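J.: Line by line, the protein sequences give chains A and B. In terms of full-length UniProt numbering, the first sequence is numbered consecutively and its last residue is 226. In terms of full-length UniProt numbering, the second sequence is numbered consecutively and its last residue is 231.
Worth flagging that the hints you see were computed from the coordinates, not collected in a lab. Quick caveat: nothing in here was measured; it's all calculated off a predicted structure. In this text, a Cβ means the ideal position worked out from N, Cα and C, and glycines have one as well. Keep in mind that a hint or two might mislead.
Listed next, with one range per pair, are the computed distances between beta-carbon atoms [said to hold, decoys possible]:
#  : chain 1 : residue 1 : chain 2 : residue 2 : range
1  : A       : 82        : B       : 182       : 31 to 41 Å
2  : B       : 115       : A       : 112       : 17 to 27 Å
3  : A       : 219       : B       : 37        : 13 to 23 Å
4  : A       : 33        : B       : 191       : 49 to 59 Å
5  : B       : 160       : A       : 82        : 33 to 43 Å
6  : B       : 163       : A       : 15        : 36 to 46 Å
7  : A       : 218       : B       : 210       : 35 to 45 Å
8  : B       : 210       : A       : 112       : 54 to 64 Å
9  : A       : 207       : B       : 163       : 43 to 53 Å
10 : B       : 69        : A       : 119       : 48 to 58 Å
11 : A       : 170       : B       : 226       : 48 to 58 Å
12 : A       : 40        : B       : 25        : 52 to 62 Å
13 : A       : 40        : B       : 121       : 19 to 29 Å
Below are the chains, spelled out letter by letter.
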Amino acid sequence: MASSLAALLVLADGRFPAGGHAHSGGAEAACAAGRIHDAATLAEFCRGRLHTAGLVAAGLAAAAALGLDPAELDAAADARTPSPALRTAGRRLGRQLMRAARATWPAPELDALAAAFPRGAHQPVVLGLTARAAGLGPLDAAHVAAYESVGGPATATVRLLGLDPFEASGVLARLAPELDAVAAEAAAAARRARTEGTEALPAASSPLLEIAAEIHADWPVRLFAS
Amino acid sequence: MHLDHGVTFPHRHTHSAEPLRADGTRRALRIGLGGPVGSGKTATVAALCRALRAELSMAVVTNDIYTREDAEFLLREAVLPPERITAVETGACPHTAIRDDISANLEAVEELEEAFREHAPLDLILVESGGDNLTATFSRGLVDAQIFVIDVAGGDDIPRKGGPGVTTADLLIVNKTDLAPHVGSDLGRMARDAAEKRGELPVAFQSLRGPEGVAPVASWIRERFAAWAVR
Chain A
1 MASSLAALLV LADGRFPAGG HAHSGGAEAA CAAGRIHDAA TLAEFCRGRL
51 HTAGLVAAGL AAAAALGLDP AELDAAADAR TPSPALRTAG RRLGRQLMRA
101 ARATWPAPEL DALAAAFPRG AHQPVVLGLT ARAAGLGPLD AAHVAAYESV
151 GGPATATVRL LGLDPFEASG VLARLAPELD AVAAEAAAAA RRARTEGTEA
201 LPAASSPLLE IAAEIHADWP VRLFAS
Chain B
1 MHLDHGVTFP HRHTHSAEPL RADGTRRALR IGLGGPVGSG KTATVAALCR
51 ALRAELSMAV VTNDIYTRED AEFLLREAVL PPERITAVET GACPHTAIRD
101 DISANLEAVE ELEEAFREHA PLDLILVESG GDNLTATFSR GLVDAQIFVI
151 DVAGGDDIPR KGGPGVTTAD LLIVNKTDLA PHVGSDLGRM ARDAAEKRGE
201 LPVAFQSLRG PEGVAPVASW IRERFAAWAV R
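The whole structure should be built from the sequences, with the hints applied where relevant.
T.: Structure below.
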């Protein structure tokens, strides 16, 4: 089925009301620690997140868009997210996306997942099913997940550091070829997972992101939820 | 205080928006309080809790700019038990969380409703915005009615400047009237400007230190609740 480029734009739009604006994707912790302090360090942070958390999310989203069992994918997401704070944030964002998705592209599959996971399934799994409901394919879902993995930190850094927004957009634009490659790798893994099971999905990890997320969750004062 | 928008509770498309749930029970009335930083939103919420908690089952959602300041103020003041107060994080963008992307606030509201559903179903949830600017208003998908709080010390030209909050809120509170003589604010002028911008929508001049305190606003909320309960 040919997927709709316009539907993809609606889903990937940063203004799509799915709760992501309150999350920095680890950028708030990285800014406070001095690991992100300008456009160059933002680019490095985003590159690292894209090839770890981004790739994992893209694989899960592509697999869900392909029609793999969402409950199994949710368990696979848990297994790939060591930090309890990030698991909580992922489920919260999943539940928020679910609300927006059901209102935007009503579908029985979304209703079923919402009923099976009243506290929220992991966001990439919901994202994949949302893409499916919007008539999009696995590669599309992978692209959205990969883009979100860097778009969130870039926007957050503009707010946190007052970074020049044109520089932040430039960072994202220069990452585009890598984003495409990550999405393609994730979609290919999702196709393998159809026969080989969820072990075929990417399981890259960034220990520093996980550790920093745990520390960030304990801050008494912060701007972003994660 | 009884003049209101022609359409009292407009239709919304969010999943939890219908007044009656599938099982026939009624969800809580949701009232938003927005307005600039320092205008007295949290103090008003605290006073409303004290005035109404004996007659209504209440809860509060705060949208702090830095997470928990306002929630902690309400906890310190012990205006409600801690389980009735929830803080939402807004990613440095308080108006986004109440208008453009209301997901986190809807979740907080629904979680509160769910927590009290069995034993003390909520009648009223106050959603307090983080302090923002004059353009910040609540989505109709999040609240049933909204109150915009400004204060006399912020400048008596604010009603004249207008903006969505001053112009369209279901109730405008001009707070801290006791300070007017000290900061040279002309209450008469504020009332005339507000009436010009708002037409028949009500305005409450409030001093939480005065004898009336929050009583007029509490009465307004009682009226809204009475209208809500018969829908």
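J.: Please go over all the hints and tell whether each is borne out by the structure.
T.: Results for each hint:
Taken as a hint, the range 31 to 41 Å is violated for the pair residue 82 of chain A and residue 182 of chain B, whose Cβ atoms sit roughly 57 Å apart. Our hint of 17 to 27 Å for residue 115 of chain B and residue 112 of chain A holds, since their Cβ atoms are close to 25 Å apart. Against the hinted window of 13 to 23 Å, the Cβ-Cβ separation of residue 219 of chain A and residue 37 of chain B comes to about 22 Å, which satisfies the hint. Checked against the given bound of 49 to 59 Å, the beta carbons of residue 33 of chain A and residue 191 of chain B, roughly 52 Å apart, stay inside it.
Between residue 160 of chain B and residue 82 of chain A the Cβ separation comes to about 56 Å, which falls outside the hinted range of 33 to 43 Å. About 22 Å separates the C-beta atoms of residue 163 of chain B and residue 15 of chain A, a value inconsistent with the hinted range of 36 to 46 Å. Between residue 218 of chain A and residue 210 of chain B the CB atoms are about 42 Å apart, so this pair conforms to the stated range of 35 to 45 Å. Between residue 210 of chain B and residue 112 of chain A the beta carbons are some 56 Å apart, a value that agrees with the proposed interval 54 to 64 Å.
Checked against the given bound of 43 to 53 Å, the beta carbons of residue 207 of chain A and residue 163 of chain B, roughly 48 Å apart, stay inside it. Look at residue 69 of chain B against residue 119 of chain A: about 28 Å separates their beta carbons, and that is not inside 48 to 58 Å. In this structure, residue 170 of chain A and residue 226 of chain B meet the distance hint of 48 to 58 Å, their C-beta atoms being roughly 56 Å apart. As the Cβ distance of residue 40 of chain A to residue 25 of chain B is approximately 56 Å, the hint placing it in 52 to 62 Å holds.
About 54 Å separates the C-beta atoms of residue 40 of chain A and residue 121 of chain B, a value inconsistent with the hinted range of 19 to 29 Å.
Against the hints set out earlier in the document, violations occur for numbers 1, 5, 6, 10 and 13.
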